[in-house]
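Q: Sequence:
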Amino acid sequence: MSPTGPPIGPVLPELVPMLARIQEARKHLPDASTPVAERRAAIHRGMDQRAATVARPAPPVTVTDHEIEVDGGRITVRGYTPERPGPLPCHVYVHGGGWWLGELRHRDPSRTPAR
Numbered sequence: 001m002s003p004t005g006p007p008i009g010p011v012l013p014e015l016v017p018m019l020a021r022i023q024e025a026r027k028h029l030p031d032a033s034t035p036v037a038e039r040r041a042a043i044h045r046g047m048d049q050r051a052a053t054v055a056r057p058a059p060p061v062t063v064t065d066h067e068i069e070v071d072g073g074r075i076t077v078r079g080y081t082p083e084r085p086g087p088l089p090c091h092v093y094v095h096g097g098g099w100w101l102g103e104l105r106h107r108d109p110s111r112t113p114a115r
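Numbered per full-length UniProt numbering, the sequence shown spans residues 1 to 115.
To be clear, the hints were calculated from the coordinates, so they are not data collected in a lab. Errors might be hidden in some of the hints.
[As the list claims (entries may be wrong)] As a list, the in silico SDA-like pairs of lysine to any residue whose alpha-carbon atoms are at most 25 angstroms apart:
| # | residue 1 | residue 2 |
| --- | --- | --- |
| 1 | Lys27 | Val16 |
| 2 | Lys27 | Gly46 |
| 3 | Lys27 | Leu12 |
| 4 | Lys27 | Met47 |
| 5 | Lys27 | Ala42 |
| 6 | Lys27 | Pro10 |
| 7 | Lys27 | Ile43 |
| 8 | Lys27 | Leu101 |
| 9 | Lys27 | Ala41 |
| 10 | Lys27 | Pro13 |
| 11 | Lys27 | Pro17 |
| 12 | Lys27 | Pro59 |
| 13 | Lys27 | Val11 |
| 14 | Lys27 | His44 |
| 15 | Lys27 | Pro60 |
| 16 | Lys27 | Glu14 |
| 17 | Lys27 | Arg50 |
| 18 | Lys27 | Glu103 |
| 19 | Lys27 | Ala37 |
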């Protein structure tokens with residue numbers, strides 16, 4: 001695979017513009033010599049752009065953030081509760097960004113199962 005990803009193969013025609021934007025954005029990723037804060041900011045901009053152009057509208061849910069104490073500080077966990085009566089199932093998503101990449105807002109589309 002090249003740094004810009006695999007070539008675009010046979011896909012639904014309506015997906016071609018989105019895939020082309022993703023492929024173009026990947027050409028401009030910072031290299032490993034760029035400071036982590038700059039790489040994080042650049043990748044977060046791309047994630048925000050993708051969320052704005054690719055993500056489906058999220059279903060109506062109540063969003064609640066909770067601060068949790070952990071070794072060395074605090075983290076925020078976010079709960080999504082469907083706007084319907086329970087009992088309700090539970091889905092736990094653990095971010096796999098290597099603890100340097102991603103923010104809660106980047107996972108808001110994950111609330112789709114909360115329907």
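Q: Of the hints stated earlier, which fail here?
A: Of the numbered hints given earlier, those the structure breaks are 12, 15, listed in rising order.
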